[in-house]
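Using the sequences and the hints, build the whole thing.
Protein chains in written order, with this note's numbering: chain E, 1 to 492; chain B, 1 to 95.
Looking from chain E toward chain B, a few residues come up when the C-beta cut is under 8 Å (computed):
1. 149
2. 150
3. 287
Here are the simulated BS3-like pairs of lysine-lysine, each with C-alpha atoms no more than 27 Å apart in a straight line:
4. E:137 <-> B:92
5. E:351 <-> E:471
6. E:351 <-> E:397
7. B:92 <-> E:39
8. E:83 <-> B:92
9. B:9 <-> E:83
10. B:92 <-> E:222
11. E:118 <-> E:309
12. E:262 <-> B:92
13. E:92 <-> B:92
14. E:351 <-> E:423
Chain B stretches covered by chain E per the calculated footprint, using a threshold of three residues with CB under 8 Å from any CB of chain E:
15. 12-20
16. 47-60
17. 66-72
18. 82-91
Keep in mind the hints are simulated off the structure, nothing from the lab.
Even glycine gets a Cβ: it sits at the ideal position worked out from N, Cα and C.
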Amino acid sequence: MSLQSGWEAVIGLEIHTQLATQSKIFSGAATAFGAEPNKQACAVDLGLPGVLPVLNAEAVRMAALFGLAIGAEVALESTFDRKNYFYPDLPKGYQISQLAQPIVRGGTVVINVGEGDKAVQKTINLTRAHLEEDAGKSLHEDFAGMTGIDLNRAGTPLIEIVSEPEMSSSAEAVAYARKIHAMVQYLGICDGNMQEGSFRVDANISVRRRGDPQLGTRTEVKNVNSFRFLERAIDYEITRQIELIEEGGTVQQQTRLYDPDKDETRMMRTKEAADDYRYFPDPDLLPVVIAPETLMAWKAGLPELPDAKAARYQAEYGLSAYDAAVLTSTKETAAYFEQTLAAMGSAGDAKLCANWVSGILAAQLNKASLDTTHSLVRAEALGQLLLRVADSTLSNKLAKDVFDAMWAGEGEPDAIIEARGLKQITDHSVIEAMVDAILAEHPDKVAEYRGGKDKLFGFFVGLVMKAAKGKANPQQLNEVLNVRLGPCGAGD
Amino acid sequence: MSLNATQLKHVAHLSRIALDEAKIPALVVDLNAILAFAEQLQDSRLDALAPMAHPWDQSQPLRADEVTESDAREALQRGAPAVERGLFLVPKVIE
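Laid out in structure tokens, this is it:
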């Protein structure tokens, strides 16, 4: 979307990331998704009188890993506060969160915006990431005027990742959200499932006239459960705010919900002032202390992260910055690429693998709405197929046909090539014989070509390919035709 | 620091506490007396001290990430006023 001229948007994101622990942040109840209502909610999660929270060590470690991965300060001492508000899916009447002393402070991520050669990098600063507990779920339908409450989610550990308001378009916001999404999965601290609510993005959006140093009043858009909806919700909200101001209105600070069916945002509630949350230190929890040597050990154990992996792909495999960024954009895509390349063994061709994984495979996955882990063609099988491209058994076009057959479940590449007789013709004498036969059938066209009608070259290529059922090696065919026809315009 | 009737009503609303209008003037007086008592703390000289998050000078014990609680829904819902299909039922609250 192009912004109305004279305006700029200012966007910051808050991302609620569910940590992939087995048990809750303050209780020993399970966190698995999809259980029957309230079967994973214990007395602590229900906020019954007399219970005390006991902090999950793994939640602390995972939050710290995120901080280390973004180059943030991981606080050796952090504290929990109570954020007070009334809602039935928050049974205690307060959420345990971190306000004054969060565990992760600062940090940066680099995003790639745009495609191919036009892609540019931008560094986004993070404000903080803090530990907190998730709330339960309210179900407003089907209960005759009542609301049903499921507290299975209550107490699930979250880190809320807060960016500085440094993004100026929906494309930048999506690139940032995708980068964070990739990083938490590389780190293994979140399953990244947006449909199930494991990774929830809220966008703070304001607009101002270009050059105005003052920030405009912002709205917060919630309920965005896919990257596509995030882009559309932000675009809608930017346009709404600009139109509102241009018509003489003012933007109200409020929380808005994105409705994907109508592709619009609408008001959910006017935002409570920060004071209304009456934050204060939680007397049930002591300061969380991390020993410096523990932090150093965690840092040493960090996996290879997207930026480092992309740099390695460029250095080791000679891939372009853009290809390397695309292949490392998710942990699964990077793993698939590496497995494909490994399956090619000593004949490994990284550029060929990169083109197929980010091109044909990605398009096929997109068409089928599948992610890489659910690809109907395994990485090993793709590697086998690409071996047949590398050794000239198959042209790229024939390889695509074999790929389609593999996708349709017809078996391993070599078996398909054999069964369909798709093997590329690379025998020079066979190609020569085919070329000679075609030229003999069309002496008039041969004469025209030699008389200077160079466009006929393609005509001959087409006829020979047709006779060869598309299997003639294109390079060899061109060579033979060139030799047999002689120079164009040479006369008969 | 003191509280007026408007602020009292605001805080009561945030806590979803219904107040009897007639009792508000007396509540304002009582609450202000409590605030004044607590205000004595302002006289302490704390400039040289870092604030503590907790009166105990200890750090938070951590537990291993293990599921120790099994399904206790039936027992936990025995005291609930209304339950349906495993859900707690509450009056509808949508702003």
